[in-house]
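Enquirer: Residue numbers (my numbering): 26 to 588.
If you are wondering where the hints come from, they were derived from the structure by calculation, not from laboratory data. Hints are not guaranteed to be accurate.
Pairs of lysine-lysine, BS3-like flavour, derived with a Cα cap of 27 Å [unchecked claim]:
1. 99 with 85
2. 294 with 257
3. 349 with 325
4. 531 with 548
5. 96 with 81
6. 531 with 508
7. 39 with 375
8. 257 with 147
9. 93 with 105
10. 96 with 85
11. 78 with 99
12. 114 with 104
13. 38 with 508
14. 93 with 375
15. 257 with 323
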Amino acid sequence: MSDLQAPLRPKRKKGLVDFLVQFRWIFVIFFVLPFSTLYYFLIYLGDVRSEMKSYKQRQKEHDENVLKVVKRLKQRNPKKDGLVCTARKPWIAVGMRNVDYKRARHYEVDLSAFRNILEIDKQRMIARVEPLVNMGQITRVTVPMNLSLAVVAELDDLTVGGLINGYGIEGSSHIYGLFSDTVVAYEIVLADGRVVRATKDNEYSDLFYAIPWSQGTLGFLVAAEIKLIPVKEYMRLTYTPVVGNLQDLAQGYMDSFAPRDGDQDNPEKVPDFVEGMVYSPTEGVFMTGRYASKEEAKKKGNKINNVGWWFKPWFYQHAQTALKKGEFVEYIPTREYYHRHTRCLYWEGKLILPFGDQWWFRFLLGWLMPPKVSLLKATQGESIRNYYHEMHVIQDMLVPLYKVGDALEWVHHEMEIYPIWLCPHRLFKLPVKTMVYPEPGFEPHQRQGDTPYAQMFTDVGVYYAPGPVLRGEVFDGAEAVRKMEQWLIKNNSFQPQYAVSELNEKDFWRMFDADLYEHVRRKYGAVGTFMSVYYKSKKGRKTEKEVQEAEQAHLETAYAEAD
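Kindly produce the complete structure, drawing on both the sequences and the hints.
Expert: Rendered as C-alpha cells:
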C-alpha cells in the first residue's frame, strides 16, 4: 500500500450520547475510581487469605469445588435446560465483546471459587493454578521467588482462564509463543461430568491442542499447569527511537529482536523482552529488555525507574521521550515492568480521564488508577456501549512478521489510530493443525524472525478513538472492523475473539481452522451442551433456537464453503 493519504470524510452531527461520553470522566472520578479501589482491596484480601492456606488445604478445596461442578452438570436436563455456560456476569469479563449469548436461555455453572494458586513446584518449574487467578496475583507470589510465568500478560486483571481459552501475549512471546503455548497440562470437566487431565502426549492430546482459542466451548477449565522460568530482580530496558515511513518503522522494529542472519535462538542476539509503540506515521520507539540482577541495577551511574509508583508518568508517554532525547537505558523492577501498562490501560486512560496523565492528577489521585474495566462496562449503559462499538476501536491484528509494515499502512489509511502497539510472538508448528497456525510452506522462505519450527507473527494492537472521530468526522466502526477482518483473512492473519467481531459464519471459518476443534467437540460431547465458538463470539443477541439449530447442523455448510 503506497498511498497513505487518509480519505476525506464529512463532519458528523453530534448528539446526546457524545455529550455523555465527553463528560463521563465526572462519573468515573466520583464513582468508578473509588469503587474500583475498594474492589481491588477486597480482592487483594481474598488473595492474601488464600496464600496463607497450605497447598494441601487449597487442593482439598479445589477437589470439593470440582465435585460441585460435576454435580451441577449432571443435574442438567438437556431437553429442558439451555446450553451450559458459566454464572459469571457479562460485565465482569475484561474483553470488549458483548456477552450477548447469556441473554438467551442458558444453564449456569458457578466457577467463581476457582481463584487459587494451587502449587508452585520449583522442582518441575510448574505453577498449578485455577482459571480465575489473574496476572497481578501470580506475579505477586512468584517474582519474590525469582520465578515467573514464561508469558505474563501486562494487565493485572487478565485471568489464566481467559488467556488460555482466548488469547494472551507478552513481550517474551517472541521466545515462548502465546500464553497457551506455555501450558503443559489442563484439568477439564467435560460435558458428561468426567474430569480429565489433558497433556500433549497422553490420551487426551487432541483436547490439549484444541483448548486454546476455544472460548470455553469444549468443557470447563478448572486448573492449568503452566511453565515457570527463572528471572532476576530488574529489567534492563533499552529505548530506541526510529524515524521514517511506516515501512521503515516496521523494519526497525524487526531488527530490534530478529537477527538478519537468522540466528533467532541465540540468547546473545535476542533480548528477553520486546515491545514497540508507533506514535505517528513517521515515529516509533522500540524497547528491548534483558533481566538484570539488583547488583547490576544498583551500580553507580545506572538509572532505576520505579514505573509502578502512582505519581510516575504513564509508561507509553515516558517511552515517547526517547523521540526527543535519543536512545537511553534504565532499570525497572521486574514486577513493575510486567504491569507497566496497567495504570493507564495502555493509552485508553487518556480517553477515560483526559487529564489523568497530568502531574497534579497523578500526584493527588493517581493511586486510585486504574478504573476497573468491569465497572466501566457495568455502568456505561446500552447507548454508550453502542457508541464505543462504532466510534472506538479495540482490536488486535495477529499478522506474519514480514507483513507488519503493510498492516501499519492499512491501519493508518482506514482508522488513523495512534499509538499502535507492536508485540512479536511465535506460532509453532504443532503435530496437529489448531485453530490458529503458521502459514503453510513458510519454512523455505527463511524470513527474518522465522525458524524451522515456528513462524514469527506480531500483534498489531489498535486501541483508541480513530482519527476521524477525534476530528468530528463520520466514521463507521462496524464497517472498518469488517474491512480489517477481510484484510486479515487475505493475509493469513487472525483476530482474537475477545474483541468485537463482525465476522459471519463462513468468514469465521475462513480465518480459523475448524477440523480439530469440531472433531473434539463431537468426541467429548460438547455439541448440544456448550455453545460453539462462533456463536459465542458472534456479535449481537443469540436466541436459543438459532444456536440449537446451528449445533444440530454441526455447521457443516460453513465448513464446506470455507474448504
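Enquirer: Hint by hint, note whether the structure agrees.
Expert: Taking the hints in turn, this is what the structure says about them:
1. 99 with 85: The hint holds at about 21 Å.
2. 294 with 257: 19 Å, holds
3. 349 with 325: Distance of about 25 Å is within 27 Å: holds.
4. 531 with 548: The given pair, whose Cα atoms are some 23 Å apart, holds under the 27 Å limit.
5. 96 with 81: Within the cut-off at roughly 23 Å; holds.
6. 531 with 508: 15 Å, holds
7. 39 with 375: Holds, at about 21 Å.
8. 257 with 147: 15 Å, holds
9. 93 with 105: 21 Å, holds
10. 96 with 85: Answer holds: residue 96 to residue 85 is near 17 Å, not above 27 Å.
11. 78 with 99: 30 Å, violated
12. 114 with 104: 25 Å, holds
13. 38 with 508: 24 Å, holds
14. 93 with 375: 43 Å, violated
15. 257 with 323: 13 Å, holds
The structure fails to meet hints 11 and 14 from the earlier list, while all remaining hints are met.
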